Structure formats: C-alpha cells, structure tokens
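A.B. asks: Sequence:
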Amino acid sequence: MVYRFRIILEAEDDVFRDIELLEESTLEDFHNSIINAFGFDGNEMASFYISDDEWNQGEEISQFDLSEGMDSVRLMNETTLDSVVSKSQTKLIYVYDFLSMWTFLIELAEIAEIEEGRDYPNLMFVHGQIPTEAPDKEFVAEKDEFGDGYDEDLDIDDYDDLSFDENWN
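Using this note's numbering, the first residue of the sequence shown is number 142, and each one after it goes up by one.
Just to be clear, a hint being listed does not mean it is correct.
Claimed, not checked - Label pairs and their computed distance ranges (CB to CB):
| # | residue 1 | residue 2 | range |
| --- | --- | --- | --- |
| 1 | P276 | E165 | 30 to 38 Å |
| 2 | F266 | N218 | 23 to 31 Å |
| 3 | E254 | E274 | 15 to 23 Å |
Think of the hints as simulated: they come from the structure by calculation, not from any bench. The structure presented is a predicted model; accordingly, all values stated were derived computationally and were not measured. Built from N, CA and C at the ideal position, the CB exists for glycine as well.
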C-alpha cells in the first residue's frame, strides 16, 4: 500500500507538500523525503511526534537515541510508517532543527494501491515557498497545566514569606 501525506509548515502563509511513501518505509525515509521536498540541507536533528486530532504532541520518535539508557526511545530508522499511522491515527508532528523549530503538521490523506512504474517516495505536489527563517512560535501553557498551584499574587522577590529554609544546602 501507499500512504499519501500532506506536510504543512506551521506558518501564516500556506506552504505544504504532498508526498507518497510505501507503508513499510521508515520514518527516517519520511524524514529524508521531507527535508528534500522543503529544501533543507539535512544537517540538523529532527523528531516526529504522534499527534491526536487536536494536534497535541504525543510520543517522540527520534532521529538519534540521546536518552543515555534512561528511557527507551523509538528511533526513526527502526519505526515503519504502518506502525504509527493508520486510518484511525492520521496525524504526526515533525520538528526539524531544534534551535529554529521548523514545525510541520502531517496528515495521512489516503491509503492507496501501488502504481506500477512509479518510484517511491514520490513528491506529488508543491505549494508555497518556504521562508528564509522558521516562523516564530508562541509557547503557552494552560493555566495551572502542571498542577503546581502557582499563586499569581506571589512576589518571588520577597524571600521572607517563603516556606523553606534558606540554608537548605
């Protein structure tokens, strides 16, 4: 089977690419297809993230294992497309260059039959020019998202009212 994806740069202007890959292709193959389709040099690190329908970032699938043995990490070169996307799980997030944070929203558009004589991966459609710099991101947590009970009226410069021993170490 062939997986047809739309890869959208998260930006103000419409910039996207449509790419076809075989279902047994790895996420590393997909990564290489994306960097080629958008004209990146491929010298920066990248990761895929499984996403829900609201584009919330889930499990990371990394290009390299940087966990130093602490947690097991799924790697792009060991993870096939058919193991992370399906008719019910259609969305991924792709981040290229963690300093610039090029962020792409990826959606599985169709699962189709292989076309004889066609080479895969296949860049099907190109729309828009990628900007010279990554679009700005606004990172905002929902109020009290982490359950820390942070008090907005707390004056962090007033140490006298804090409940800890200042000589703790």
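A.B. asks: For every hint, state whether the structure bears it out.
C.D. replies: We went through each hint and held it up to the structure:
1. P276 with E165: 30 to 38 Å: Holds: the Cβ-Cβ distance is about 33 Å, inside 30 to 38 Å.
2. F266 with N218: 23 to 31 Å: Because 27 Å falls inside the window, the suggested range holds.
3. E254 with E274: 15 to 23 Å: violated, 40 Å
Of the numbered hints given earlier, the model fails hint 3 alone.
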